[in-house]
Amino acid sequence: MKTHKEIEKYILQMPNAFLDYPFGETTAVYKAGNGKMFALIAEGSTPVRISLKGDPQLNETLRERYESVLPGWHLNKKHWNTVLVTGQLTDAELKDLIRHSFELVN
1 MKTHKEIEKY
11 ILQMPNAFLD
21 YPFGETTAVY
31 KAGNGKMFAL
41 IAEGSTPVRI
51 SLKGDPQLNE
61 TLRERYESVL
71 PGWHLNKKHW
81 NTVLVTGQLT
91 DAELKDLIRH
101 SFELVN
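FYI, in our numbering the residues of the sequence shown are 1 to 106.
Quick caveat, the hints were computed from the structure, so don't treat them as lab data. In this text, all values refer to a predicted model and were calculated from it rather than measured experimentally. You can take every hint at face value.
Distance condition first, Cα-Cα at most 20 angstroms in a straight line; then the derived DMTMM-like pairs of lysine to aspartate or glutamate: (1) Lys36 <-> Asp55; (2) Lys95 <-> Asp55; (3) Lys9 <-> Asp91; (4) Lys77 <-> Glu103; (5) Lys2 <-> Glu67; (6) Lys77 <-> Asp55; (7) Lys95 <-> Glu60; (8) Lys77 <-> Glu64; (9) Lys95 <-> Glu6; (10) Lys31 <-> Asp20; (11) Lys36 <-> Glu103; (12) Lys2 <-> Glu43; (13) Lys9 <-> Glu43; (14) Lys31 <-> Asp96; (15) Lys9 <-> Glu25; (16) Lys5 <-> Glu93; (17) Lys36 <-> Glu8; (18) Lys78 <-> Glu67; (19) Lys9 <-> Glu93; (20) Lys78 <-> Asp55; (21) Lys5 <-> Asp91; (22) Lys95 <-> Glu67; (23) Lys5 <-> Glu25.
Construct the entire structure; sequences and hints are all you get.
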């Protein structure tokens, strides 16, 4: 999963997930059926920049392990990471992080 559309396709497979634009056209926001955000993608970013909710301890570990995992951009840095989709994380790892984020808000 390298492109915004590939990632979006996976995100929208989560039960009752939907796309919204509450912050304007530049940020795609993915919400669970209960209306809570679990993923944000900066439109037109190269590489794709996706922000995901995560367990605070896991977030710190990921930031230490990967250059491409940063504190959440414009989000609570304890609970959110922004992942630059550069290939440093495997597709399986990225999917796991998306699923983890989705589960945290449900």
